[in-house]
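Sequences listed follow chains A and B, in order.
According to this note's numbering, the first sequence is numbered sequentially starting from 309.
According to this note's numbering, the second sequence is numbered sequentially starting from 91.
Simulated from the structure, these hints should not be mistaken for laboratory data.
The beta carbon of each residue, even a glycine, is placed where N, CA and C say it ideally should be.
Hints are supplied without guarantee of correctness; some may be wrong.
Cross-link-like lysine to any residue pairs, in silico, SDA-like; alpha carbons within 20 Å at most [stated by the list, open to error]:
id, chain 1, residue 1, chain 2, residue 2
1, B, Lys97, A, Lys536
2, A, Lys650, A, Lys670
3, B, Lys97, A, Ala406
4, A, Lys375, B, Val204
5, B, Lys97, A, Gly410
6, A, Lys670, A, Lys375
7, A, Lys536, A, Glu551
8, B, Lys255, A, Leu408
9, B, Lys247, A, Thr747
10, A, Lys712, A, Gly752
11, B, Lys247, A, Lys670
12, B, Lys198, A, Lys536
13, A, Lys375, B, Lys198
14, A, Lys712, B, Leu249
15, B, Lys247, A, Leu407
16, B, Lys198, A, Lys435
17, A, Lys428, B, Ala220
18, A, Lys450, A, Ala406
19, A, Lys435, A, Thr507
20, A, Lys428, B, Lys255
21, B, Lys247, A, Lys435
22, B, Lys189, B, Ile205
23, B, Lys247, A, Lys375
24, B, Lys97, A, Ala411
25, B, Lys255, A, Gly685
Using C-beta positions, here's what the derived DEER-type ranges look like [unchecked claim]:
id, chain 1, residue 1, chain 2, residue 2, range
26, A, Arg465, B, Phe186, 35 to 45 Å
27, A, Gly714, B, Thr171, 42 to 52 Å
28, A, Lys450, B, Val204, 38 to 48 Å
29, A, Asp469, B, Ala296, 37 to 47 Å
30, B, Thr187, A, Ala668, 22 to 32 Å
31, B, Val403, A, Gly468, 33 to 43 Å
32, B, Thr171, A, Gln377, 40 to 50 Å
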Amino acid sequence: MTIPKALPRRTFLRGLGTAAIGLPFLDAMAPALRASTIPGGAPIRMAFFYVPNGMIMDAWTPSWEGKFQDLPRTLKAMEPFKDDFIQIGNLTHNTGRALLDGAGDHGRCSGSYLTGIQVKKSLIEIKNGISFDQIVANQIGKKTRFPSLELGMEDARQAGDCDSGYSCAYTNNLAWRSETQPLPPTLDPRALFERLFGTGVPMTPAEKARQSKYRRSILDFVTDDTHKLETTLGPTDRRKLDEYLSSIREVERQLEHAEKDNSQVDPHMEKPYGIPADFAEHFKLMSDMVAIAFQADQTRIVTFLMTHEGGSRPYREIGIPDGHHPLTHHRNQPELMEKVRKINEYHVKQFAGFVEKMKATKEGDRTLLDNSMLVYGAGLADGNQHLHEDLPTIIVGKGGNYIKSGRRLVTRRETPMCNLYLTMMDRMGVNVEHFGDSTGRLEGLDLA
Amino acid sequence: MQFGRGKPSAGVFYDSAFTTIDDILTEALIYGLQGKNDCRVAVITCSRPDLATIGYVEMVERYYHGPAGNFSQLPAIGMPTSGAKGETPKAFVIPFTLKKLDGTPVYKNEVSSVIETGDPNTLIRNYLEAQNDQNAFFVVAGPATNIASALEFRGMKDLIAAKIKYLVMATGPGEVNIKGDVAAAKKLFAGWPTPIFVSGPEIGDALPFPGASIEKEFAAPNTDHPVADAYRLWKPMPYDTPSYSMSAALYAARPKEGYFKLSDPGTITVGDNGKTSFAPSAQGKHQLLIADPAQKEKIIAAYVELASAKPAVRQRFRPDAAAAADGQKKAGDPAAAAAGEKRPGPPKP
């Protein structure tokens with residue numbers, strides 16, 4: 309490897325045709341500038357973490373607006389990041405409502421979540437619209453190795469009836485490349501790992517077996533490149549590189565652990581090889597890789613379907629053997645509502661772990677979190693009533709010193725969620741006049 | 091259609107300046123019509139940015155609608171954020187100061203800020219999308235500010251043409267609703283894609299709402315009723331009030347009832363001074379309501395019956411004939427939301 313005077317931002321550590329590891333921003337990439345300055349400014353990343361079946365809104369919505377006071381119960385796990393996020397009230401997805409199409413709120417709300425389009429009620433004739441993350445990916449995706457990453461945790465069925473005549477394509481995908489083509493999420497952490505750090509050339513079964521047998525780390529394949537690079541770096545960059553590669557190794561270790569557990573504990577499990585049985589472990593693996601992908605500027609756009617609408621996953625790990633979706637139709641029974649609150653808290657707790665990692669990752673004179681817009685939200689507010697207004701929404705990160713965080717912003721009732729998307733597109737450098745059912749930009753989000 | 095039977099009731103879009111007691115009686119009247127399954131209140135919008143008035147209008151809506159429940163939410167009231175605010179009628183403010191015997195407020199104002207309201211264009215668009223084709227109508231009882239804005243809103247004109255069967259406009263005393271926003275009125279009559287029926291000031295003057303019904307049909311003097319209380323506060327009782335807005339709403343909901351005669355079709359144009367002129371033309375989309383003295387008693391009885399109707403749970407579909415007959419027997423049951431608690435006495439203006 310030859311090291312130019314300024315290390316190119318797109319430098320990869322390569323090895324034996326099996327590995328291609330992108331790098332985080334290093335001072336060596338801008339030697340003429342102040343150490344903490346990123347040429348052209350740090351890229352802005354955006355991610356959507358979607359949770360299904362609505363929420364118990366009394367534990368999500370505080371009675372106040374403006375600067376954060378005591379966080380509501382569901383958001384307690386976000387307490388350490390109180391100054392890093394904004395909660396937005398009253399955002400609405402009208403296209404998730406029935407609008408003469410009858411039952412099927414779950415299918416509609418997730419199908420329309422990022423498209424702002426009333427999806428066609430059908431099992432065969434799938435029709436939605438391009439999702440806004442893909443509009444952004446089409447514009448800026450060429451700047452990164454992956455225009456976008458689509459991730460999930462369960463159920464990648466693309467056909468069948470997932471809600472009252474709505475195809476599973478609507479409930480099991482967030483990102484849509486076109487009105488008929490969803491982008492199914494990657495569920496398997498191993499597949500994501502190989503996508504992020506592999507060369508894209510599939511290994512033969514023999515190669516896979518050999519790698520598995522000798523349990524070689526992907527980092528072992530890039531040892532030569534790593535050593536060569538290290539000799540050209542200053543002490544700060546060497547520490548950064550070491551921390552970064554350690555985080556990849558940690559993901560690898562978790563992955564091996566999960567694969568070992570899966571093969572021993574539950575051989576009949578439907579999940580593909582590599583998917584941890586434990587929800588928290590699975591989420592951590594996937595989200596750790598999101599953080600690495602953002603750090604190395606492998607992609608700037610992620611959609612993450614934490615679980616899907618109408619999903620009946622039990623949460624035995626927190627003492628809830630009942631299915632999530634049936635619980636949300638609690639008919640105001642306190643004990644059932646309490647279980648839903650606990651699930652809502654549990655989801656936020658997992659997400660908070662990811663936020664912590666993003667905040668701990670330095671980028672220039674800010675953090676990776678500062679340069680991101682991580683939307684955590686749901687396509688339904690009250691899952692019992694299937695409400696499509698006042699959708700639970702927080703944005704974590706400042707989008708590059710843009711979002712005035714640490715507060716609750718309440719918009720006028722019925723403000724289209726697509727107004728937020730237009731504003732986020734602006735921030736991503738993509739100017740669009742209209743999207744979905746937008747009526748304008750969302751006001752009040754910025755520092756001005 | 092998945093649920094219920096019969097034809098869905100027509101959706102009502104009520105846009106008003108809410109500057110008169112007639113405008114509030116009209117709100118009560120359309121809820122009375124909804125109680126009889128003649129229509130469903132889709133959304134209410136106000137043409138001026140007066141938060142205090144919206145608070146009262148919303149409270150009346152809550153009174154009739156009842157608490158939000160499963161699949162039955164109370165829509166936001168639409169309100170522009172610019173333009174002349176105008177004066178808030180005292181009769182819409184004083185009710186919030188009334189106390190029960192135990193000292194608690196009789197009525198609660200739940201609109202304390204603009205975030206409790208909605209953008210009229212967004213609301214109209216969202217609720218139009220939920221209507222069956224040609225199964226909704228507009229009642230406009232104020233300057234056409236919101237309507238003109240809606241016409242210029244992206245995709246709305248086509249949506250209106252698809253969903254709305256007609257619009258009925260009350261021009262108000264001295265055609266104040268035309269003069270209040272001449273530019274908007276011009277856009278309305280020039281560009282609205284459906285038939286427009288106009289209830290001129292002479293209609294409302296000829297059909298006064300009987301104030302005596304407030305003490306008889308609405309509520310006893312010591313019983314809570316937000317419309318009755320505002321009526322009593324408007325000016326010293328007893329008095330009758332012209333029905334400019336009510337006439338428009340009544341015709342809109344029951345066009346085949348024969349309450350009014352109609353002019354031949356024609357075209358209304360609005361001059362720069364706000365004066366309207368009507369030119370008969372077979373291709374015209376506009377018609378004027380004409381008072382029929384023979385119908386006066388029937389119309390006033392309908393006003394009283396509908397505006398004083400007790401809150402009723404909304405039904406999405408018109409019942410078939412047998413179910414309707416059965417429903418008649420059960421009519422009159424007040425919804426749980428109706429206040430009706432005793433208190434010291436009636437308010438005075």
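Query raised in the report: Which numbered hints are broken by the structure, listed smallest first?
Result: 1, 2, 6, 11, 12, 13, 14, 16, 18, 19, 20, 21, 22, 23, 25, 26, 27, 29, 30 and 32
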